[in-house]
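Peer 1: For reference, the chains in residue letters:
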Amino acid sequence: MTTVTEPTMTELPRLLPAAQDGNQVQDLRAHLARYGRLPYRDRMGTLIHDIEAAGLTGRGGAAFPVHRKLAAVYEASDRRRRPPVVIANGAESEPASDKDATLLWLAPHLVLDGLQLVAEAVGADTAILYSHADRSNDVGRRLRNAVAEREAATLDRVPVQLAEAPPRFLAGQETALINHLSGRPSVPRFVPPRVTERGYNGAPTLVQNVETLAHLALIARRGPRWFRAVGTRDEPGSMLATIRRAEGQPRITEVPLGMPLKELTGDVRPDQAVLLGGYHGTWISGQQAATLTLDNATLGSAGARVGAGIVITLPADRCGLVETANAVRYLALESAGQCGPCLNGLPRIAAAFAELARGRAGPQTREDLERWCGLVAGRGACHHPDGTANLVRSALITFAAEADRHARGRCSATNTGANPGASSTPFLPIPRTTARTEDDWT
Amino acid sequence: MVLLVLLTLVMLLGLLVTRQGRLPGLPKFAVTGLHRNLSLLAVVFVLIHVLTAVYDGYVRIPLTSAVIPLTSSYERVWLGLGAVAFDLMLAVIATSLLRRHLSRKVWRGVHLLAYVSWPVAWVHSYFSSKDLQHGILFVLALACLLAVVAGVIWRLASAARDVPRAERVNLLMAAVHHRSAAHDRGSRERTAAR
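Chains as they are written, first to last, in my numbering: chain A, 1223 to 1664; chain B, 317 to 510.
One thing to keep in mind: the hints can contain errors.
[Claimed, not checked] Among chain B residues calculated to face chain A with C-beta under 7 Å, some are:
hint	residue
1	ARG481
2	ARG484
3	VAL485
4	LEU487
5	LEU488
6	VAL492
7	SER496
8	ALA497
No lab work stands behind these hints: they were computed from the structure. Even for Gly, the Cβ is constructed at its ideal location relative to N, Cα and C.
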């Protein structure tokens, strides 16, 4: 019999292995030793109240209240007399983020616990874990081992199927995920019907980010009060964040919501820039970053969101316009090519932004970009055009002075004055693969 | 004859709508609207055509023959085809009016019957009326037939030219990149000239 060490209420990290354990992978034994048994409720639905009391929101970026999705799936399944499907979404396709891959690598059993608990809560008969297999580590093998360990210990009541996501930016989008699991190309579809109503095989489907499920597995063990011991009143709990300040691997850390942003960005000059939320996110100035905290209530004032917890500090020797141009080009290439505004608008926005970065923009370029962003936002089946427009608009504001400099043939990052934006490898990670055929989406 | 021309126009507009095509001076939604309104107008004409044929004393055609094929003693086969075309048309119209309540699959499946209804209607009108077989009306009937055949060929050819979804973005990216590279060259040459 192993004894579970009771953590203090505010101790972090909660999900990842504690710092003194290094980055040790938590196998089933280590997992059970740390967290204790999987607390099945033996009744459908009772977990939903605890989750509501805890105030847990989706950690995939949208911050949607988890209990409402659970209740929607439970209700739809009851009404349609059809057992629902639960899906853990680890298809973290944002190139700048690495928190889901890290979580799945280090603590897969927490995610699998959460998947079992939501399956029980809504009465699901099918559970799927959907993720990339090999983004940084061999996550696919790690997950296969973890599932095998649990089978040997007869821990799971609903068998877990593993499914691999294609390397597309939109792969983790809820409806694209359903399409892919149903054997179709991984492209978004219009809602309604919501996937909570009709998802995988037409069944009511719960799709939750893997980190959300990990938090849920701990709330089920330790209760809503414990969860609320960190974070803010309106946005309780902790979250995994991906921190990038210099070249190379990012740092994955677990932080309480409401934490001062400057603790994550490090010392930032007022004229430096910080990217919050990744490539669908928002550039803010170092000046703004110095006063904001990591919660939607305050970030909203700067037009930003917590998102999936990506905080990138742009090094002083890097040009924000060039980095943004690379990201926008990548986003344009990752358009599913279904909706006119996205298909036609994003390549044009990318080309114009590239001209801005190369110092070849005309007097109209910035106005054109503003106008095109307005034309594409909100006009797709998914939020891909909206997110891209958000990034471009915030870059036009945050890098306005830099754009003026580029127009005069200078760049504050390289200081050469001769060829602005002629930089080496990009700082913001850009996957090299782009989709060329339908096979790349399946 | 008016009806045949009207149905031909409806067919041509329908083909255009499937390709999201446009007419000069009209926005896309107006093409769809025109297709819809002309088809409703055609239904009115069809009803007039059926009722006048039935109640005209020249030959005796029972009302049931308008909907059930091969029940009329007069021009048994050709009138029967008219009934077939009429029935198909009713199905197409009814599903379109109820489209909000139907899945896209069902609606589309039934709507495709228009491609059966029109040729049947053409054969019906051509063979049950001696007037259409010569003179100016013959030319008109032939023109309708050619127009629809040409429309269908255009529709198929245009679909065959479609860029597969997965390749569209790459194509567009290459196009805008090419344009902006040309712009770059232009501005470099202008700078050099100065």
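Peer 1: Each hint needs a verdict: does it hold in this structure or not?
Peer 2: For each hint, the structure was consulted:
For ARG481/B, the interface hint holds, since its Cβ comes within 7 Å of a Cβ in chain A; the closest pair sits about 5 Å apart. Checking ARG484/B against chain A by beta carbon gives a least distance of about 4 Å; that is within 7 Å, so the hint holds. Interface restraint check for VAL485/B: the shortest CB-CB distance to chain A comes to about 5 Å, inside 7 Å, so the restraint holds. Restraint check, LEU487/B versus chain A: the minimum CB separation of about 9 Å is more than 7 Å; hint violated.
Given hint, LEU488/B at the interface with chain A, holds; its Cβ is 4 Å from that chain's nearest Cβ, closer than 7 Å. A least Cβ separation of about 4 Å between VAL492/B and chain A falls short of the 7 Å threshold, and the interface hint therefore holds. Nearest Cβ of chain A to the Cβ of SER496/B: about 5 Å, under the 7 Å cut. The hint holds. Look at ALA497/B: its Cβ only gets to about 9 Å from chain A, farther than 7 Å, so that hint breaks.
Of the numbered hints stated above, those contradicted by the structure are hints 4, 8, listed in ascending order.
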